[in-house]
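Chemist: Listed below, chain by chain, are the residues.
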Amino acid sequence: EAQVTQNPRYLITVTGKKLTVTCSQNMNHEYMSWYRQDPGLGLRQIYYSMNVEVTDKGDVPEGYKVSRKEKRNFPLILESPSPNQTSLYFCASRGAGPTGELFFGEGSRLTVL
Amino acid sequence: GENVEQHPSTLSVQEGDSAVIKCTYSDSASNYFPWYKQELGKGPQLIIDIRSNVGEKKDQRIAVTLNKTAKHFSLHITETQPEDSAVYFCAANTGNQFYFGTGTSLTVIP
Chain A
1 EAQVTQNPRY LITVTGKKLT VTCSQNMNHE YMSWYRQDPG LGLRQIYYSM
51 NVEVTDKGDV PEGYKVSRKE KRNFPLILES PSPNQTSLYF CASRGAGPTG
101 ELFFGEGSRL TVL
Chain B
1001 GENVEQHPST LSVQEGDSAV IKCTYSDSAS NYFPWYKQEL GKGPQLIIDI
1051 RSNVGEKKDQ RIAVTLNKTA KHFSLHITET QPEDSAVYFC AANTGNQFYF
1101 GTGTSLTVIP
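Read top to bottom, the protein sequences are chains A and B.
Using my numbering, read the first sequence as starting at 1 and increasing by one per residue.
Using my numbering, read the second sequence as starting at 1001 and increasing by one per residue.
None of these hints come from the bench; they were simulated from the model.
Source: prediction; values computed, not measured.
A virtual CB, placed ideally from N, CA and C, is assigned to each residue, including glycine.
Treat the hints with caution; some may be incorrect.
What the hints assert, rightly or not - Computed list of chain A residues with no C-beta within reach of chain B, every gap over 10 Å: (1) V14; (2) G16; (3) L19; (4) V52; (5) K71; (6) R72; (7) S80; (8) N84; (9) T86; (10) L113.
Said to hold, decoys possible - Covered by chain A, according to a simulated footprint, are these stretches of chain B (three or more residues, beta-carbon under 8 Å): (11) 1031 to 1044; (12) 1094 to 1101.
Unchecked claim - Simulated pairs of lysine-lysine, DSSO-like, Cα-Cα distance not exceeding 30 Å: (13) A:K57 to A:K71; (14) B:K1037 to A:K57; (15) A:K18 to B:K1042; (16) B:K1037 to A:K71; (17) B:K1037 to B:K1058.
Please build the complete structure, drawing on both the sequences and the hints.
Modeler: Following this line, the structure appears as structure tokens:
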């Protein structure tokens, strides 16, 4: 089954404690991206990756890092989380072509105390 | 960058009625406009999309229209059913980035 898998689905952490949210897709997609969803703000792009070792900033990259060492994986790293990073995070991948469909994971709800 | 505005933020309709959600965008370079449905506790799922060289597209009870001149596009759901209740997002794709609207919470009242 084609899917995008995120882990963990839920996480409560404290300010400053580094964490990683993993994302894996099994569709051999080249494009992957991360979004955060906040009430009243919709989905905002954090980072995206066009291929292995190619990453670029989206609209809200501050406080986040990503890496793309393998095609299937695109982890989101919060080196020093702060309360304003409390949010619902989605990973997505996209098929071939500039206007391919985005496939989303189930989301990771992060709370930073 | 691109700015996508979506209205209304909430919408309640009686079962069987139609629902319309409208979005505007700012960047004339945007060329792909998908609509996503998000059910509670799940990730958004594509329900219909339209490319900039097409004015209208229909898939059963769902249709999307695009007016490039006015830079707006709309989602139309006819004969609404309770299972249509969800949050709907419009988006505009420019190059490698997707810009989303703020969402519309649709409630279909049985």
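Chemist: Now tell me if each hint is right for this structure.
Modeler: Here's how the hints hold up against the structure:
no.: 1; hint: V14; result: holds, 25 Å
no.: 2; hint: G16; result: holds, 29 Å
no.: 3; hint: L19; result: holds, 20 Å
no.: 4; hint: V52; result: holds, 15 Å
no.: 5; hint: K71; result: holds, 16 Å
no.: 6; hint: R72; result: holds, 17 Å
no.: 7; hint: S80; result: holds, 26 Å
no.: 8; hint: N84; result: holds, 18 Å
no.: 9; hint: T86; result: holds, 17 Å
no.: 10; hint: L113; result: holds, 22 Å
no.: 11; hint: 1031 to 1044; result: holds (count 8)
no.: 12; hint: 1094 to 1101; result: holds (count 7)
no.: 13; hint: A:K57 to A:K71; result: holds, 18 Å
no.: 14; hint: B:K1037 to A:K57; result: holds, 25 Å
no.: 15; hint: A:K18 to B:K1042; result: holds, 26 Å
no.: 16; hint: B:K1037 to A:K71; result: holds, 27 Å
no.: 17; hint: B:K1037 to B:K1058; result: holds, 16 Å
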